[in-house]
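If you're matching them up, the sequences are chains C and H in order. Here the numbering used here is used: the first residue of the first sequence is 1, the next is one more, and so on. Here the numbering used here is used: the first residue of the second sequence is 1, the next is one more, and so on.
No wet-lab data here; the hints were simulated from the structure. Since we're looking at a predicted model, the values are computed, not measured. The reader is advised that the hints may include incorrect statements.
With the Cβ distance kept under 10 angstroms, some of the chain H side facing chain C (calculated, not the full set) [unchecked claim]:
{"no.": "1", "residue": "P9"}
{"no.": "2", "residue": "Y36"}
{"no.": "3", "residue": "K42"}
{"no.": "4", "residue": "G43"}
{"no.": "5", "residue": "P44"}
{"no.": "6", "residue": "Q45"}
{"no.": "7", "residue": "F46"}
{"no.": "8", "residue": "D49"}
{"no.": "9", "residue": "V87"}
{"no.": "10", "residue": "L101"}
{"no.": "11", "residue": "G104"}
{"no.": "12", "residue": "R108"}
Heads up, the beta-carbon is just placed ideally off N, CA and C, and yes, glycines get one too.
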Amino acid sequence: SQTIHQWPATLVQPVGSPLSLECTVEGTSNPNLYWYRQAAGRGLQLLFYSVGIGQISSEVPQNLSASRPQDRQFILSSKKLLLSDSGFYLCAWSLNGSPLHFGNGTRLTVT
Amino acid sequence: GESVGLHLPTLSVQEGDNSIINCAYSNSASDYFIWYKQESGKGPQFIIDIRSNMDKRQGQRVTVLLNKTVKHLSLQIAATQPGDSAVYFCAENSREGAQKLVFGQGTRLTINP
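In isolation and in its complexed conformation, chain H is listed as follows (with noise of 0.2 angstroms):
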C-alpha cells in the first residue's frame, strides 16, 4: 500500500549550515509532493511542492529535489535560521481532483547555535 516515511526521525545541525531531510515514498504512481514545516501547537504550513514532472524546485532559501528512479525526496535548506526549528512532512498525493495526502511521519530539526 501507500506508504511515506523519512529517513531520519531527527537532525541537528548548525545554525548557518545547509539541511538536508530526507523522504522515501513507495508509490510509482504518485505524482504531486509536498514539504510541511510545522512548529509546536500549530498546525502544518506549506514549504514548497513539486510534480512529477520536475526533479528540482527552489524558493526561498529552499530546494526539493525528486529521484522518481529511487522514489526518494528531500528538502533542502539554505543558511539555517533558528526558526528553521521545526518537524518537518513530507506528503504524497496520487489522485486527480481532492488532495488525498499521505504524510510520512516527520523529521524534528534542531539548529544548534
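Next up, chain C with everything else stripped away, as it sits in the complex (with noise of 0.2 angstroms):
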C-alpha cells in the first residue's frame, strides 16, 4: 500500500533563517507531487505541484521554492523565511484521475 511521509510535524525558525520540508512516497511509480498550506480555520491553498522529477509548477508567487530530485521525493524550500510563511504545510500524492491522499503536514511557525 502507498505511504506518504512529512517531516517535521513541527518546526519553529526566526525570521530571515533558511527552511526545507521533505516528503517522501512509498509504494507508487510516478506520481504527482503536490505542496498546499493552510492558514489556520482556512481551506488549502496549492503552492506548487510537480508530475515528474525536476517537474515543478508554481500556483502562487511566494517567498517559497520546490523540488523533486527524485521520483518519490519533494521538497519544499525558502532562502528567508517572512513572518507571514507560517502556516500548515501539507504534503498530497495523487495518480492521474485519482484524489489526493495527503500527509499528516508540517506546523511551521516564524518567529
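The two chains are supplied separately, each in an independent frame; assemble them into the complex guided by the hints.
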C-alpha cells in the first residue's frame, strides 16, 4: 500500500532563516506531488505541484520554492523565511484520475 | 474565477442523527468533486468522490449528491458518531492529469451527545 511521510511535524524558525521541508511517498511510481498551505481555520491553498522529476509548477508567487530530486521525493524550501510563511504545510500525492492523498503536515511557526 | 465555498462554517448535530454538509461551486467546467475530513493536527483524509457524469454516490455511511444545474454538492453522513467530529472540505477539479484541486473553506461538524 502507498504511504506518505512528511517531516518534521512541527518547526519553529526565526525570520530570515532558511527552510527545508521534506516529503516522501512509498508504494507507487511516478506520482503527481503537491505542496499545499493551510492558514488557521481556512481551506487549503495549492503552492506547487509536480508531474515528474525536475518538473515543478508554481501556483502562486511567494517566498518559497519546490524541488523534486527523485521520483518520490518533494522538497519545499525558502532561503529567508518571512512571518507570513507561518502555517500548516501539507504534502500530497495522486495518480492521474485519482484523489489526492495527504500527509499529516508540518506546522511551521516563524518568529 | 474558480471558487468553492460552503454554506455554513459550523454544524452541530445530535449523535445518531444524519448530518448534511453543503458546498457550492462556481466553475461549470468542474468535472470531479471530492469530500475530505480533517481532524485536528492531521492532514485531510479522503472520504468520497464523484464525477460530473453522476448525481449520487454512496459509500459506507456517507452519500455525496451532485446537482450540476445549481452547482451544488452535499455530503450526507448517516447515524453521526462522535468520531465524525472534524472539519469537512469539498474540493473540485476541472483539469485533466494533475489533480489541481480547489478547496472550500470547510465546515466544522460537532456532535452533541
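Each hint tested on the structure:
no. : hint : result
1   : P9   : holds, 9 angstroms
2   : Y36  : holds, 8 angstroms
3   : K42  : holds, 5 angstroms
4   : G43  : holds, 3 angstroms
5   : P44  : holds, 5 angstroms
6   : Q45  : holds, 7 angstroms
7   : F46  : holds, 5 angstroms
8   : D49  : holds, 5 angstroms
9   : V87  : holds, 8 angstroms
10  : L101 : holds, 6 angstroms
11  : G104 : holds, 6 angstroms
12  : R108 : holds, 9 angstroms
Checked against the numbered hints above, the structure violates none of them.
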